[in-house]
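Peer 1: The primary structure of each chain is shown beneath.
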Amino acid sequence: MFKTIWGSDKAVASVAATSKIFIRGKQKAAMTPSTQRIVNQLSALSASRKQPKLLSLCNEDLIKNRTITNAWNVYKRKLFQKRDEQFEKQYNSIKNAMEDLKQTSPELFELANAKEQKRFPLEMRIPTDFPPNQPWVYNYAPKK
Amino acid sequence: MLNRTNLTRARSLRYLASKRFQSTESSSTGIWSDFSKRSPSLKLSNPAIKKNIFDKIDPSEGPASIQNYSRRLAYHSINEIDDTFKVAYEYLQEQSAEKYQQIEVLEKQVAQAQSETEVKELKDRIEALLVEAEASNPEVLYNTSYLSSEDLDKSQPVYRQILKEKWEAFDLMVTMQRLEQLHVIPDTLPTLDPKVDVKVKFPHNLKDEFSSWVTPGEILPAFAVSQPPTIRIQEFERVDQEQLYTVVVVNPDTPDLATNSFSTTLQYGLANVPLNNVDNTISTSTLLTQGDSYTFQHYIPLTPEKNAQNQRACLWVFRQAKPLALDALAGPNTHFDIRTFVETNSLNPVGAHVWRQHFDRSVNDVRRSYGLEKGKVYHRVRQAHPVI
Amino acid sequence: MSFLKSISGLIRPLNGQGSILHTSSLNNITQIRTATKKVSGSKTNKNDSAGRRLGPKAYEGHYVQPGQIIMRQRGTKIHPGENVKIGVDHTIYAVEPGYVRFYYNPFHPLRKYVGVALKQELKLPTPHFSPRVRRFGYVELTDPVKAQQEEDRMSRKEYEAQSELTNEFLKSEEYRQNVTKEFAQSLKDEFSIDLDENKLQVVAHRFYEISQLVKNGLSLEEAKVQASYNHIYNIELAARRGEVSNFEEAKKENLSVFNDIDNKVQLDAQGRLCKYLNAQERESLQQEISTKLAPFANRILSKEDKKTVTNLIETPGAYTTSEQSLLREQYLPEIVPWTVPGSVIENIDPENPPKDVVVQRVFDGKTRSTKVIGRPRDIVA
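Line order of the protein sequences matches chains A, B and C. Okay, so the first sequence: first residue is 15 according to this note's numbering, each after it adds one. Okay, so the second sequence: first residue is 38 according to this note's numbering, each after it adds one. Okay, so the third sequence: first residue is 24 according to this note's numbering, each after it adds one.
Pulled out of the complex, with its shape left as it was, chain A reads as follows:
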């Protein structure tokens, strides 16, 4: 019993150390007056005026910037084109294989394209006022 009280006291002390300690009397500002003044002034300014200034570049640098942007756009476009071509090829080969399968063995084609049966369809869910936090698992199996 005694021991447990000791233990609980320790826990209380550790909690008190992390939480804010109440101090009676006028609070002293953490900031120096000059910093406080700047903070006050900034708080009176609207957010748009606190934005950093727009860079005013000379004509030469603007041209350089546009060239860099152009090059990046061309580079990206090429990448996307390459990827799209790849996807198209993949799709076409899948399609051809399936056509082939349909010709050679219709049963296997049926099996390959059979729709996956849902073990627990969404209709089984009991309606509630709010949507669930966990997504619905169609093929739920209890953990072993």
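If you're looking for bench data, these hints aren't it; they were derived computationally from the structure. Note that the structure is a prediction, hence the values are computed from the model and not measured. Don't take each hint at face value.
Claimed, not checked - Once the Cα atoms are required to be at most 20 Å apart in a straight line, the calculated SDA-like pairs of lysine to any residue come out as:
| hint | chain 1 | residue 1 | chain 2 | residue 2 |
| --- | --- | --- | --- | --- |
| 1 | A | Lys90 | A | Gln100 |
| 2 | C | Lys180 | B | Pro258 |
| 3 | C | Lys287 | C | Glu276 |
| 4 | C | Lys142 | B | Ile115 |
| 5 | C | Lys274 | C | Glu245 |
| 6 | C | Lys378 | C | Ser366 |
| 7 | B | Lys88 | A | Asn79 |
| 8 | C | Lys274 | C | Arg264 |
| 9 | A | Lys90 | B | Val124 |
| 10 | C | Lys389 | B | Ile115 |
| 11 | B | Lys411 | C | Leu260 |
| 12 | C | Lys142 | B | Arg419 |
| 13 | B | Lys411 | C | Arg263 |
| 14 | C | Lys238 | B | Val251 |
| 15 | A | Lys92 | B | Tyr137 |
| 16 | B | Lys244 | C | Arg263 |
| 17 | B | Lys244 | C | Ser242 |
| 18 | B | Lys244 | C | Ser195 |
Go by the hints and put chains B and C onto chain A.
Peer 2: Just chains B and C now, kept in the frame of chain A:
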């Protein structure tokens, strides 16, 4: 985390360094620095600015494009922009070189082409490729962004394309708005599918407020339009040799007291004016030397009478399908029917312009100088008499 | 138990049993005598107003005058079409005299329109691409006195601007006369041009026009052509009026005079007359001047030096305006650059600077700190 960023930074710098090494090697052989086949007008003419773009901006001198000395000195460039620019430039140049290779192939096909339509098709494709090959060239970019449109070489498809985009973004919209709101369409011709940029100015004016290009719809005093205008017709499509144009100025607001309505008067008529992409202006010197061979109706400025309200001078530009006989075009200029004129001569309207006039104190002098009788004066209250 | 009690009120009674509204016994019916006479009236349905006399006031084909009301309505039952307008209370009235037409507009197929056709045979709407039918409506003043009065009548704005306009005109006219006179004098004296007084005036006026056109931004060559054309065009107009008999001859003669003069005299960038220089002569003159200018480059200039440089740059006929401004930028900069030797004095005492030295605090990029330097007063132009 820190280690990783350092690593990637080191890697990218190494990449940049290797690229830089390549770029110094290949910069002299790149397609954009080769002017054996390309026009010199694709060059950036200012050597100081060119040096600033392709080398670093020297911080002790500052960018050459800034005029003010102290501002030039105070300028700070962006970190790493030059190295990145070099990589970007090389990359774009490679893309452009590919385009030029395609063009070479097409040009060989043009030489072997049989029919005219095939040649035209191939030439169109070449032009589109030329635009693509030069549109991202920084020298061309600089020229189109900071040079006035008058200094650009309109024989180059890329400049024509960019000028067309600029025209469509502003001047065309202003012109079409004024043509529609002032009812030039459909009071003169049914409608307009604009193809050319039409600009008008009256260069005889010694006062600068009247000597610059006229904004469509502007109200001008009679003395400011007392001599024939300079007309600039900028074609954006390729003109292989020459295209003939007809230009007319009509006033659809001439009072017609017999019907208590209005009639159209032909104020100015030019035909068979040969123009192309570069030589695009019917200027004073053209009028001085060859004016008579183009004119079928001498210029008569609008001289609105007192209280006859605003009158519109509608300038129409037509592409001709074939040369026209000037004698056949000449005729009385009053009660002019522009629609039948266009139809009988199979003209294709491609551009228009409009300015307005009303009675002012210079009208009488202009009338006198053109040998016209004194203008009528109308009562300032509009009556309710019906149209006859 | 308490739970059952609380929900009992929410459960639907079965077969009417246990209902709160249930009355079981016949004995408990009480007779109620309802009132057969109303004690006081009710307010409902009493705010009816008189009819507003809405509807069409002029029908299809009726002739209407401007301002005549065609339709009174609440909201736009009918929309205003051609030659009519709509008032704040959606009243449609005519603005031109003509015949009322009710019609549909293909651009707004769900709306009904009313308009006024200016002629009886015309139908509305006017086809989209055909010209509008318009009425002039103004009457000519035939009495010459009244016509003159009406022509002289000014708007208040025009009337109030008269004095200013006259002053401006007189001033510009005086300026023109002075300049033309000067040109004529100098053509006669300096360049010994031998022309009769009329021709001399024409040539001098042409030079005045060239100077003004160059100020408007035309190049010298364009200005020359334009000024010639202005004169030729005036002759052409005179020929059309019948005042000049042979226009072609007059044109040729005038052009040859202008050509002769242009080969002797030209206008320089300062607007003064000077000897005509062809391209070769101009180039050699420019080279001469640039060798003379070379020693003034990249150093601080004294007042006399500045004067000589200015004179060299403004040598008659040597440079165009834009070339001159480039040269001025190079040799007479507003503030001499730091790179010019002697224009930066380091190690000075900011408290007691020497005479003719301006103290500046500048940022030194190399050490990334500010430092104090002195610059001689002569560096400012």
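Peer 1: Decide, hint by hint, whether the structure agrees.
Peer 2: Status of each hint after checking the structure:
1. A:Lys90 - A:Gln100: holds (15 Å)
2. C:Lys180 - B:Pro258: Holds: Lys180 of chain C and Pro258 of chain B sit about 16 Å apart, inside 20 Å.
3. C:Lys287 - C:Glu276: With Cα atoms ~17 Å apart, Lys287 of chain C and Glu276 of chain C stay inside 20 Å; holds.
4. C:Lys142 - B:Ile115: violated (72 Å)
5. C:Lys274 - C:Glu245: Status holds; Cα separation ~18 Å.
6. C:Lys378 - C:Ser366: holds (14 Å)
7. B:Lys88 - A:Asn79: Holds: Lys88 of chain B and Asn79 of chain A sit about 16 Å apart, inside 20 Å.
8. C:Lys274 - C:Arg264: holds (16 Å)
9. A:Lys90 - B:Val124: holds (15 Å)
10. C:Lys389 - B:Ile115: It holds: about 17 Å lies between the C-alpha atoms, which stays within 20 Å.
11. B:Lys411 - C:Leu260: holds (17 Å)
12. C:Lys142 - B:Arg419: holds (18 Å)
13. B:Lys411 - C:Arg263: holds (17 Å)
14. C:Lys238 - B:Val251: holds (18 Å)
15. A:Lys92 - B:Tyr137: holds (18 Å)
16. B:Lys244 - C:Arg263: violated (27 Å)
17. B:Lys244 - C:Ser242: holds (16 Å)
18. B:Lys244 - C:Ser195: holds (10 Å)
Violated hints for the displayed structure, listed by number in ascending order: 4, 16.
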